[in-house]
Amino acid sequence: MAASSNLPSLKTAGSRHFQDNGFMVSKLRHVIESQQFTLPLLMDLFHRSRGMERVVARGGTLEYQDKILANLFYQPSTRTRFCFEAAMYRLGGKVLSTEQASAFSSEVAGEQVEDSIRIIAHYSDVIVVRHPQAGGAQRAAQVSSVPVINAGDGEGGQHPTQALLDLYTIYRERPLVGLSVAIIGELDRGRTARSLAYLLAKFDRVKIFFVAPPELQMKPDILTYLDEHGVRYELESDVDRVIGEADVIYQTRIRPERLRDEQGRKRYAIDPALLRKMKSDALIMHPLPRTVELDKAVDEDPRALYFRQAANGLYVRMALLTMLLDTE
Amino acid sequence: MAASSNLPSLKTAGSRHFQDNGFMVSKLRHVIESQQFTLPLLMDLFHRSRGMERVVARGGTLEYQDKILANLFYQPSTRTRFCFEAAMYRLGGKVLSTEQASAFSSEVAGEQVEDSIRIIAHYSDVIVVRHPQAGGAQRAAQVSSVPVINAGDGEGGQHPTQALLDLYTIYRERPLVGLSVAIIGELDRGRTARSLAYLLAKFDRVKIFFVAPPELQMKPDILTYLDEHGVRYELESDVDRVIGEADVIYQTRIRPERLRDEQGRKRYAIDPALLRKMKSDALIMHPLPRTVELDKAVDEDPRALYFRQAANGLYVRMALLTMLLDTE
Amino acid sequence: MAASSNLPSLKTAGSRHFQDNGFMVSKLRHVIESQQFTLPLLMDLFHRSRGMERVVARGGTLEYQDKILANLFYQPSTRTRFCFEAAMYRLGGKVLSTEQASAFSSEVAGEQVEDSIRIIAHYSDVIVVRHPQAGGAQRAAQVSSVPVINAGDGEGGQHPTQALLDLYTIYRERPLVGLSVAIIGELDRGRTARSLAYLLAKFDRVKIFFVAPPELQMKPDILTYLDEHGVRYELESDVDRVIGEADVIYQTRIRPERLRDEQGRKRYAIDPALLRKMKSDALIMHPLPRTVELDKAVDEDPRALYFRQAANGLYVRMALLTMLLDTE
Numbered sequence: 026m027a028a029s030s031n032l033p034s035l036k037t038a039g040s041r042h043f044q045d046n047g048f049m050v051s052k053l054r055h056v057i058e059s060q061q062f063t064l065p066l067l068m069d070l071f072h073r074s075r076g077m078e079r080v081v082a083r084g085g086t087l088e089y090q091d092k093i094l095a096n097l098f099y100q101p102s103t104r105t106r107f108c109f110e111a112a113m114y115r116l117g118g119k120v121l122s123t124e125q126a127s128a129f130s131s132e133v134a135g136e137q138v139e140d141s142i143r144i145i146a147h148y149s150d151v152i153v154v155r156h157p158q159a160g161g162a163q164r165a166a167q168v169s170s171v172p173v174i175n176a177g178d179g180e181g182g183q184h185p186t187q188a189l190l191d192l193y194t195i196y197r198e199r200p201l202v203g204l205s206v207a208i209i210g211e212l213d214r215g216r217t218a219r220s221l222a223y224l225l226a227k228f229d230r231v232k233i234f235f236v237a238p239p240e241l242q243m244k245p246d247i248l249t250y251l252d253e254h255g256v257r258y259e260l261e262s263d264v265d266r267v268i269g270e271a272d273v274i275y276q277t278r279i280r281p282e283r284l285r286d287e288q289g290r291k292r293y294a295i296d297p298a299l300l301r302k303m304k305s306d307a308l309i310m311h312p313l314p315r316t317v318e319l320d321k322a323v324d325e326d327p328r329a330l331y332f333r334q335a336a337n338g339l340y341v342r343m344a345l346l347t348m349l350l351d352t353e
Numbered sequence: 026m027a028a029s030s031n032l033p034s035l036k037t038a039g040s041r042h043f044q045d046n047g048f049m050v051s052k053l054r055h056v057i058e059s060q061q062f063t064l065p066l067l068m069d070l071f072h073r074s075r076g077m078e079r080v081v082a083r084g085g086t087l088e089y090q091d092k093i094l095a096n097l098f099y100q101p102s103t104r105t106r107f108c109f110e111a112a113m114y115r116l117g118g119k120v121l122s123t124e125q126a127s128a129f130s131s132e133v134a135g136e137q138v139e140d141s142i143r144i145i146a147h148y149s150d151v152i153v154v155r156h157p158q159a160g161g162a163q164r165a166a167q168v169s170s171v172p173v174i175n176a177g178d179g180e181g182g183q184h185p186t187q188a189l190l191d192l193y194t195i196y197r198e199r200p201l202v203g204l205s206v207a208i209i210g211e212l213d214r215g216r217t218a219r220s221l222a223y224l225l226a227k228f229d230r231v232k233i234f235f236v237a238p239p240e241l242q243m244k245p246d247i248l249t250y251l252d253e254h255g256v257r258y259e260l261e262s263d264v265d266r267v268i269g270e271a272d273v274i275y276q277t278r279i280r281p282e283r284l285r286d287e288q289g290r291k292r293y294a295i296d297p298a299l300l301r302k303m304k305s306d307a308l309i310m311h312p313l314p315r316t317v318e319l320d321k322a323v324d325e326d327p328r329a330l331y332f333r334q335a336a337n338g339l340y341v342r343m344a345l346l347t348m349l350l351d352t353e
Numbered sequence: 026m027a028a029s030s031n032l033p034s035l036k037t038a039g040s041r042h043f044q045d046n047g048f049m050v051s052k053l054r055h056v057i058e059s060q061q062f063t064l065p066l067l068m069d070l071f072h073r074s075r076g077m078e079r080v081v082a083r084g085g086t087l088e089y090q091d092k093i094l095a096n097l098f099y100q101p102s103t104r105t106r107f108c109f110e111a112a113m114y115r116l117g118g119k120v121l122s123t124e125q126a127s128a129f130s131s132e133v134a135g136e137q138v139e140d141s142i143r144i145i146a147h148y149s150d151v152i153v154v155r156h157p158q159a160g161g162a163q164r165a166a167q168v169s170s171v172p173v174i175n176a177g178d179g180e181g182g183q184h185p186t187q188a189l190l191d192l193y194t195i196y197r198e199r200p201l202v203g204l205s206v207a208i209i210g211e212l213d214r215g216r217t218a219r220s221l222a223y224l225l226a227k228f229d230r231v232k233i234f235f236v237a238p239p240e241l242q243m244k245p246d247i248l249t250y251l252d253e254h255g256v257r258y259e260l261e262s263d264v265d266r267v268i269g270e271a272d273v274i275y276q277t278r279i280r281p282e283r284l285r286d287e288q289g290r291k292r293y294a295i296d297p298a299l300l301r302k303m304k305s306d307a308l309i310m311h312p313l314p315r316t317v318e319l320d321k322a323v324d325e326d327p328r329a330l331y332f333r334q335a336a337n338g339l340y341v342r343m344a345l346l347t348m349l350l351d352t353e
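For the protein sequence lines, the chains are A, B and C, in the order given. So the first sequence is residues 26 to 353, counted in this note's numbering. So the second sequence is residues 26 to 353, counted in this note's numbering. So the third sequence is residues 26 to 353, counted in this note's numbering.
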C-alpha cells in the first residue's frame with residue numbers, strides 16, 4: 026500500500042550524470058519508476074529502440090553474448106517475462122528465469138527480496154524483478170551490485186518499462202507534444218496507467234482524461250504530481266463524453282473483483298459502437314491481456330495498435346538493456 | 026471434446042507448395058496434425074533426422090544461433106519440453122520456456138491462446154504449444170505469424186511430433202510397408218495412439234490391432250479415416266490374441282481414473298509372461314511415462330525400444346525445426 | 026529416511042582412476058556425496074575454482090558452448106538452480122531447466138526418477154538433480170549415461186556442492202588444517218551440515234562443535250564416521266559455551282516446525298550480542314536463505330562471509346562442471 030511518492034527520489038538514487046558529446050545526460054543505473062526518465066534519456070532510449078528494430082530485422086546481434094539477465098518474477102507474467110528474455114537473446118545474451126519465484130519463498134517464512142538479490146547479483150549482469158508489493162523493486166535496487174529493472178511492483182506501484190513501450194508506440198505514430206490521451210480502467214491500482222501518466226507529464230500541452238468509475242479513479246499522488254507539473258487532466262466517469270476528443274485511447278482492465286457488476290464493466294468497454302465515436306486517426310492501445318473491456322471485433326480496425334505495442338516492447342527493452350549494460 | 030475431424034484440413038491450411046529440384050513438395054508452415062504429412066514430407070523428415078544423428082554426434086551446430094523457440098505449455102511435460110529445447114540448443118538456437126503457463130492465465134478469466142500467440146510470435150521464430158483442448162494448436166496456428174508446433178492438444182486431440190518420432194523409430198529398424206502393429210491402451214483419449222494411426226495409414230499393407238477394453242476403444246473418426254484409406258484394422262480387447270502376430274507392440278498408459286480396476290489395467294500390461302508370446306524380433310515401444318502397464322523387467326529385453334524412441338525424439342524434432350525455420 | 030550410509034560407496038561407484046602427470050588421481054563421474062572427494066580431487070577442484078574467478082572477471086568463456094546442462098529440480102530452489110545455470114552460461118553452455126518438476130510427476134503416480142533420467146540423459150551432457158528423498162541422486166546416477174550432480178537429496182541426505190563451496194570459502198581465507206568449526210542449527214536433518222562434516226574430516230587436527238538442541242543433534246552415522254577418521258568433535262546445546270573458540274561459525278536454519286518455541290530458536294541465533302563473543306577474525310557463514318537465526322545487523326560485520334560464500338558457489342560449480350565434462 027506504500028505509495029510510490031514515499032520512495033526516495035530516483036532522479037538521484039537511480040542514475041548518475043556524465044558528459045556525453047558536450048551534453049550532460051544521465052547514465053541509467055536502475056529502472057524503477059517512470060519519473061526518473063528525463064527528456065534526454067527518453068530521446069536516447071527511443072533513438073536506440075529505432076536502431077533495435079533494424080538489429081532484429083537483421084537477426085539480432087552477438088554483442089552481449091557474455092551477459093546474463095536474471096528474471097526474478099514473484100508473480101507469473103509469461104508475456105512480460107518472454108519479452109525481456111527475447112530482448113536479451115536478440116542481443117546475444119543468456120537468461121536465468123523464474124516463472125513463479127514465490128513458490129520457493131513460501132518455503133521460507135521471512136524470506137526477503139534483499140537477500141535473494143544480493144546473491145543473484147553475483148550470478149547475473151542485470152536483474153528484472155516483478156514483486157507483489159509497491160516499493161519491492163526499489164528495495165531490490167538498494168542492495169544490488171548490478172542494474173535492477175522494475176517489471177511491476179504491486180498494485181499501486183509502477184511498471185515503468187510498460188509505460189516506456191507505450192510512449193514509444195505513440196512516438197512512432199504521432200508528435201507527443203499537445204497530445205490528448207484518454208486512460209480508461211481500474212486506475213487506482215493500475216500500475217501501467219500510473220507509470221504512463223508520469224511519462225506523459227514530461228511533454229508540453231498534453232491533456233489526460235482519466236476515465237473510471239468514481240471509486241476506481243486515479244489516486245491523489247498522481248494528480249498532485251500532474252498539478253505540480255502544470256499538466257491538464259480531467260476525471261471522467263462517462264466514456265462517451267471524452268472518447269471523441271482523444272488522440273490516444275489507452276484502455277486497461279477492470280477486474281471483476283473491483284467492479285462486480287458486469288454491465289458496469291462493459292460500460293467502459295471498447296466495442297464497435299464506441300469505435301464509431303472515436304477520431305478517425307485515433308490510436309487504440311491496451312497493455313494486454315484483455316478481458317471484456319476490449320472487444321475482439323476491434324482487432325480488425327486499422328486504429329487498433331495493441332499488438333504492435335506488444336511488438337515494440339521488444340525493441341524498447343533491448344534498448345534499455347544496452348543502456349544499463351553499457352559501461353563507459 | 027471437439028473431434029479433430031471438425032478442423033479445417035491442414036493439407037492446404039498448414040503447408041504451401043513449391044518447386045524443389047523439379048519435384049512438387051510441400052513446404053511446412055505449421056505442425057498440427059499427423060495427417061498433414063505426405064509421404065514425400067515424411068521421407069524428407071526422416072532423411073534430415075538421420076543427418077541430425079550425425080550433427081549431434083559431432084556436438085551440434087551453431088547454424089540457427091539467431092533463432093528463438095518459444096515453448097508455451099499450458100500443461101507441464103518436462104520430457105517433451107526438454108526434448109524440444111535440447112533440439113533447439115543442438116541447432117545453436119535460444120529458448121523461451123513456460124513450465125506451466127496456465128498459472129498466469131488463471132489470473133485472467135477469458136484469457137485466450139490467440140492473444141498470447143499473437144504477442145509471442147513477435148518474440149520468437151517458432152512456437153511449440155501444449156494446450157488442454159483439442160483444436161488448441163490449430164487455433165494458435167491460425168493467428169500466428171511464425172510456425173506453430175502442436176505438442177499435444179487435449180484428450181482426443183493429437184500429438185503429431187510424438188507420432189513422427191514413433192514412426193521414425195520403426196523406420197530405423199524395419200520396412201514400414203506391410204507392417205503389423207498392435208496399439209494398446211486407453212485409445213479413445215490417447216493422443217499419441219490417434220496420431221500414430223493417421224501416420225501408419227500412409228503405408229501399404231499395414232495392419233493395426235487396436236487393443237483396449239471395449240469402453241476405451243479407438244473412436245469412430247479414426248476408424249472411418251482408416252476405412253476410407255483402405256487400411257486393415259481389428260478391434261481387440263484381449264492382448265493375448267494378437268500379441269504373437271504384431272511386428273510392433275505400441276503400449277500406452279491406462280490411467281486409473283479411466284479403468285478403476287487395477288487387475289483390469291494389469292491385463293493390458295507388458296510383463297515377462299507376455300514377452301514370451303511376442304515375435305522374437307518384435308519392437309516394444311511406449312511413449313513414456315509409464316505406470317503398471319510396462320514392467321521394468323522388460324527394460325532388459327533386447328526388443329525393448331522405448332528409451333531409443335525417446336532419444337530419436339531429439340533428432341526428429343531437430344529435423345522438424347529446420348524444415349519450419351528454413352526459408353527458401 | 027534411508028541414511029546415506031546404506032548407499033554403495035561412491036569411492037568406487039562414482040569415480041574412476043587414471044594417470045595424470047605421473048600422479049594417480051580420480052576422474053569424477055558423478056557428484057553424489059561429499060565423502061567421494063579425496064584430497065587430491067579437492068585440491069584440483071579448488072585450483073580450478075581459483076581459475077574460474079579469473080575467467081568470470083574476463084566475461085566467461087565459450088569453451089563449452091556445445092554442452093547442455095539439465096536441471097531436474099523436484100523441489101524449487103531458485104538460488105541453487107540459478108547458480109548452476111549461471112555457471113554453465115559463464116562456461117558458454119546451454120541450460121534445460123525445471124523450477125518444480127514434481128508438478129508433472131504428480132500427474133503420473135508411480136513415476137520414477139530413473140525413467141526421467143534415462144530420457145533426459147539423451148538430451149543433455151550433465152544433469153543436476155534435487156530430489157525429495159535421500160538416495161534420490163544416487164538412484165539417478167546409477168542409470169544415467171551422463172554425469173549426475175546431487176543438488177540436495179532429502180532431509181538427512183546430502184548437498185555436496187554446497188559443502189564444496191563452503192570449504193572453498195574457508196580455504197580462500199584460512200589454512201584448513203587445525204581448524205575449529207562450530208556448526209549450528211537443525212543438524213539431524215541438515216543436508217549442508219552433514220555434507221560439510223564429511224569434508225572437514227579430511228583435514229588434520231580439525232575440531233567440530235555441533236551446536237543444536239539435543240533433539241535436533243547430528244545423527245550417529247556422521248559421528249561414527251568422524252570417530253573412525255579420528256576427528257575431534259563435541260556435541261553442545263549452548264552456543265555461548267563454544268562461540269569464542271571457533272575459527273568458523275557455520276550457522277544454519279532451525280525451522281519453526283522442528284522447534285516450535287521461537288525463543289528457543291532465537292537462543293541459537295547470531296545477533297550483535299553474540300558477535301561480541303566471537304574471535305576477532307572468526308568467519309561467519311550461512312548457506313542461506315536465513316530466517317531469525319541470522320540477524321540482518323550481522324551483515325555489516327566484516328567477519329560476515331555468507332554473501333561471498335554464495336558468490337563462490339559460481340566458481341566452484343563452474344570448476345565441477347569442467348571436471349565432469351572434460352573427457353581425457
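Worth double-checking, as some hints may not be accurate.
It does not matter which identical chain is meant; a pair holds if it fits inside one copy or across any two.
Result set (SDA-like, lysine to any residue): computed pairs, CA atoms no more than 25 Å apart in a straight line [unchecked claim]: (1) LYS52 x GLY84; (2) LYS227 x GLN288; (3) LYS52 x ARG333; (4) LYS227 x GLU261; (5) LYS321 x SER170; (6) LYS244 x MET68; (7) LYS244 x PHE332; (8) LYS244 x GLU287; (9) LYS302 x LEU87; (10) LYS321 x PRO157; (11) LYS52 x ARG301.
The hints are simulated quantities; they were obtained by calculation from the structure and are not laboratory data. Because the structure is a prediction, the values reported are computed rather than measured.
Taking the numbered hints from earlier one at a time, note which ones the structure violates and give those numbers from smallest to largest.
Numbers 2, 3, 6, 7, 9 and 11 - these are the hints that the structure violates, sorted from lowest upward.
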